[in-house]
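Those sequence lines, one after another, are chains A and B. Heads up, the first sequence is in this note's numbering, so the first residue is 1 and it goes up one at a time. Heads up, the second sequence is in this note's numbering, so the first residue is 1 and it goes up one at a time.
No lab work stands behind these hints, which were simulated from the structure alone. Wrong hints could be hidden among the right ones.
As the list claims (entries may be wrong) - Each computed DSSO-like pair below joins lysine-lysine, with the alpha-carbon atoms no more than 30 Å apart:
1. B:240 - B:209
2. A:111 - B:209
3. B:183 - B:209
4. B:207 - A:111
5. B:207 - B:240
6. A:59 - B:183
7. B:347 - B:209
8. A:111 - B:183
9. A:12 - A:221
10. B:217 - A:111
11. B:183 - B:249
12. B:249 - B:85
13. B:183 - B:347
14. B:85 - B:217
15. A:59 - B:207
16. B:209 - A:59
17. A:111 - B:369
18. B:249 - A:111
19. A:59 - B:369
20. B:72 - B:347
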Amino acid sequence: MKLLRLAPENTKFGFMRFRRVSYPLSATLSIISVCMFLFVGMNFGIDFAGGTQVDMRAKSGAANVADIRGRAESLGLGPVEVQQIGGESDVLLRLNVQPGGDAGNAAAIAKLRETFSSDYEFRSVDSVGPTVSAELVQSGTLGVVVAIIAVLTYLWFRFEWQFAVGAIIGTMHDLLLTVGFFCVTQLEFNQTSIAAILTIVGYSLNETVVVLDRIREVMRKYKRLTTAEIIDMSVNAVLPRTIMTATTVFLALLALFFLGGHVIRSFSAAMIWGIFVATYSSIFICSPMLIYLGVRADAFDRIREPSPETAAGGAQARADNAKARV
Amino acid sequence: MLRFARWKLASVLALVAAAVLLVVPSFLPADAVDVMAARLPAFMPLRQIVLGLDLQGGAYMLMQVDESSVVKTQVEALRDDVRQKMRDGKIALSGGIAAEPRGVLVRIADQGERDRAYSLLQTLSQPIGGPLAAGNMRTLEVAESGEGVRLTLTDGAVTEAVRHAVTQSIEVLNRRINAMGTKETVIERQGANRVLIEVPGLQDTTKLKEIIGQTAKLDFQLVADPGTPPNEVETLPMQKGGGTLQVEKRIMVDGADLIDAQQSFDQQTGEPDVTFRFNLRGAQRFGQVTSENVGRPFAIVLDGRVISAPVIRSPITGGTGQITGNFTLDEANSLAILLRAGALPAKLTVVEERTVGPGLGQDSIDAGKRAAYVGGLLVVAYMIATYGIFGVFADLALAVHILFIFASMVLLGATLTLPGIAGIVFTIGMAVDSNVLIYERIREEAHLGRSVISALDAGFRRAFATIVDSNVTMFVAALILYLFGSGAVRGFAVSLGLGIITSIVTAVTMTRMMIALWYRRARPSRIPI
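Only chain B is shown next, with the shape it has when bound in the complex (with noise of 0.2 Å):
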């Protein structure tokens, strides 16, 4: 047991030596860290540890994609889908298109009319997942019955709708949050149907929570004759000046299709206002519009509102236009940085929302430091006053395990909370328990009658299976907070988890290595504890 190999000391203590300097970045200012890493070998890492929102101060909000605005998008594309392939069909209604929580039906009293009109909806439903996906899993459901033929949006169809709704929403999302300016935002999906947003450094969600707020849904639809039927006309105000217009509900060119957006002055007024530019699509479906419908106003919506309403004087093919509106300069800018942004696929509700300051955040810290030195300083203290010199060699194990338990948080990018700070300290006290275990051993062997040499042998190699036996129960703890658990306690079993495992390896190398060294020197004749 005594005999250690020169190579296993050497690399035990350049061990402690990388470990040091991982940890030492995090204890200096972060523009002098940035200096450093610039003049290191890329494969060298040097970065400070990752803190947490509840210590450096951030906010973070979950957000959670609203299924029935997701669903009332789908049943109006549906709609105009329909609608369509009925004009196309030449189909005869007897009573339009009616809109259904979950899907439209399309009113038809003629038997021949209906059975026409059901195969050919037929072909509006698609595998989930695009045309060329496994699985037998529709879009639509259709079914004819004595009204008509009905059309519903199957579960998976709206499963995967918000799904989709999430990813577009966090590109959207990108743009707009990073046009605030704000650095290492994280944005990612989380769940099936959820938004996981944190920003470093912010205190107020309430302008975030506008941004996000806003769904920026453009439409262009076109302003209702006096003579259309009522259940194809919605009434709309304007987004300036009151009053209220009657617009058609179809949706003649979506807002999706926008690809750009610029603030401009108008050339002939000299006001601010929107030049867009649409795709493909979108530049076929306008000018197809506007071709068929000079001389009728065209109404520009958004979220709702109408934003102007201009005569279309001429078909335009180019793909190009402009919103005016009698925009300040920095309405017109707004509103081009929100149309370039995209506009949210769907609604998005805040479902939880923790935000902490800076200062509360230092405070966490300090607190935090205060802790882990007054009770590593009264285990230290304890440890020396109980074993004497052996608790030294216990102390200087412990003062390697706290190294690399930062060194492993830093090389893990694992991200250091308050409970996780809370987890240190637990260890600390937890740690000395496997070298109590051995310490122990070495007594009761040393009274038995063994010799010294015999008594430590004995000590560490009976010791080892009850400490790693108690240490697996505690890891099994540590593993299933991980898993059950969420934001900052997630942070304590990580600090928890990764002190077991090195708490193991310290306790039972390190102090080996010591008592051996110490042995060999100073020869003792009796067990000093």
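The following block holds chain A by itself, in its conformation from the complex (with noise of 0.2 Å):
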């Protein structure tokens, strides 16, 4: 049976040449995110920003927008925002946080349920104090800034300093993207986003280390080729399971994209971004970094090894097979 091979056999591409175009372009990206952050923001979720949240949805009919959110309004507990979401009876409706603080969230709560139980089912209530949500927003800093710190940790300790330092541009680089996108698409920005940040840096991680790893495994066997080539000859190796786990990946969060509701569709959204980058930054940004900081094959001439391999390394594959004979 033909078998489906969405990555060609014995690819050469020769992806460091893109050098000159990936760098420039991720950094205008990156530079593009950061102005977005600060001048456009994020949509931050009542997880960080605090206030209310209900899900309603009409007991019978369609659910009239205007009119909720002109009655809202006449409550007097500030701005209102009413949003249709799923099918045409389902309306979010969002209050800021109420003066008052957190008695005044309570407060606020029973208003809305006075004004609207009659017509309307409450299918959820949200509601984060000023309290919580500043503690929120510090402990997912704080877990975005551990995550980090633990990744350069390990990188410190399992590769050589160049790889490390190509591997933490690449993962900020994946961060500032994941950032950028939320500005740009104003996708709520709460708790499982965090989530799905931490989850980003992870995956980003782990396609760098699958390249990192099979570029250390190329350096020792073939010392005679320049930097370049030995990375795009790694990289096109690993290209097939690099585009089939990032298919895979997709596939299940295509799944949760289209059928997982809407609690949880901007973390998919988020997530599916995600990988494309993660996977377009282990090829084209850390990668080239190690021609950048000069890495050579011959700086890993320190451990002698008892029988050093050839470019030839089929013969030591030949030999393998007489002695491994079931």
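Bring the two chains, given one by one in their own frames, into a single complex with the hints.
Written as structure tokens, this is what we have:
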């Protein structure tokens, strides 16, 4: 049976040539992301901004957004945001943090129930006071920072420093672009978004480690090639695997995005974006770094190998065959 | 690599069977599971997976003890103690005892008296944590100044009081909420000053907040005589009928000493009333107050409102009494419940609240299931299309992997939330990565010229290090998320973490097993991928 191969056999793309394009592109995108974050900002959900969010469903017929907004605004609870979600009878109503801090929020919910419970079913009510939202912002930020430090430490031990620098730049790039994604799409940024960010960091590192592992292995075998050639060879070798894994994760996330419901939609969207960015960065960002940092194959001559392998790795393989017969 | 001991095979199959047994109950209706569980011996766990509130529907509330109300109570108690000490020491006060934000100021003009007061009041300060506690943190700071003697509550004392208030509140809330008849309610401490409440199935938190909001602070205070100095008197509204009453600020008997309250009928009028009973200390105090104040009206104050103010006819030393106040049967009953459950020691504010109705919960479960099935199907199909029979092996390993995730969640009692389901769907995509690494290696080794068997062997061996590496990185991310996340997001971290652990096991072990079995049967001459 003819098997499906999305990545063609024995590709020999000159990935490293692209670095003159990919680096400026990534730099631009990163700068744009930072600017968007500073000037446009993310759409913070109530987890981080505080406030109240109510998911209402009309008890009969379609929900009347304008009417809901009008009635809610007349309650004097500050600015009201009303959005239609899912079907036409589902509506999301959002209030900011009420004056009077935590106690004010509770009173606001009571008012909303009074006004709307005759016509609408309250499917979910979420209310976060200013104290807790501040704490969530803190723990979210701290979580991301700790993750970056953990990544750095791991790379420090696992790889030589040039590899680590490349990897960390790749990961930071993914982080920035994900932030930019949230700013551009204005998807709600809440706790599950932090989960998405940390997962993307993990995935990005995953991809990077696979490529760097292969580069290290190739460097040990083929000492006479230039760094660019080594990197190209390694990336081409892992390309099938990279595309495969990206595809399977993408398929799973696609199912989640379309079928998972509105509660985790922003999470799945961010993750899908993250997969693309992480795959892109492991090929085009972290590996070329090695060229700039002056990594050379003979740098790995420190350990003397008992049977130095040559470019004809096949000879070794044939010798292994003889030993491994079952 | 391809030699598999029989016992290894058997134990793997046994594990899979055990996992199936653990997971099946979650797909059966709850009552069936209870019936089955009752028949099994105690050591065999048969339970359903724990669903988070966002999937089963329910209310989650996080309440914070209001520090200022705790301080206020402490200050009032302190003032009464100081007054008692001054009376016992027969020290003349020049200006009374003023309440301050964090303590009291005793105004004494005369130097000599001040010194006496100072040494007397020193004894009020105690080590934090009780008389036998270690450490030198004390509850009060006593200082003498030109105006008199100032006593201030230390920060340590306040923190300890807040902590104590949380413990008491949990007890009181337990009793109150259980009286509502809800099952599986979780009430626990969170940090130094917060209480977490989870009530599965509850949708409207209004009634719950009402019950919690009532402080039910019962006090007994004497009605003030006209001649009493103004700073010892406060005006309190009547519970019924409007109007106010002047009562002495001093609390004669604390409602905390009340141990029982029952609704009953007044023997003379036949009207509903509430009979109450004190503990030993309360009974003594009550007896003392009533003996000393025969003929005076005694106000019974609930949450700052006077319920009734009967005149003390004779000393009551038995420690029991009645509260009448023109109650209806309902009112008398509610009051009795409130008094029985006890007074909440401080004000509780809701700082976070999340309620999910059962409709949305069920929709989320359905959506999650759909996404999982479709996502799984897509991945399975893709693997078979790309790797043929090896893809089938990988898919079987994937099925076992998902089984193991659920089984470990049931075993650990971990909670499944909607983000948790998302995590499982994500690991469906990620889990095949390990297999992909192995298979791509096998292909490479085969292209280099190795024989079938040595290509298989080399593939597994070489890929292993990379598999461990890549999974470790994702696991660290999941761990950090677990530590820094809260609520539903933690469910995602748990699913991801468990998924990673089980995927390393199944990808390597199960796939190897299946390929070994296939090789022995099929004896292929070339690698089919």
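Tested hints:
| no. | hint | verdict |
| --- | --- | --- |
| 1 | B:240 - B:209 | holds, 23 Å |
| 2 | A:111 - B:209 | holds, 14 Å |
| 3 | B:183 - B:209 | holds, 17 Å |
| 4 | B:207 - A:111 | holds, 14 Å |
| 5 | B:207 - B:240 | holds, 23 Å |
| 6 | A:59 - B:183 | holds, 28 Å |
| 7 | B:347 - B:209 | holds, 12 Å |
| 8 | A:111 - B:183 | holds, 28 Å |
| 9 | A:12 - A:221 | holds, 18 Å |
| 10 | B:217 - A:111 | holds, 27 Å |
| 11 | B:183 - B:249 | violated, 41 Å |
| 12 | B:249 - B:85 | holds, 17 Å |
| 13 | B:183 - B:347 | holds, 25 Å |
| 14 | B:85 - B:217 | holds, 25 Å |
| 15 | A:59 - B:207 | holds, 22 Å |
| 16 | B:209 - A:59 | holds, 25 Å |
| 17 | A:111 - B:369 | violated, 36 Å |
| 18 | B:249 - A:111 | violated, 36 Å |
| 19 | A:59 - B:369 | holds, 26 Å |
| 20 | B:72 - B:347 | holds, 11 Å |
The earlier numbered hints that this structure contradicts are 11, 17, 18.
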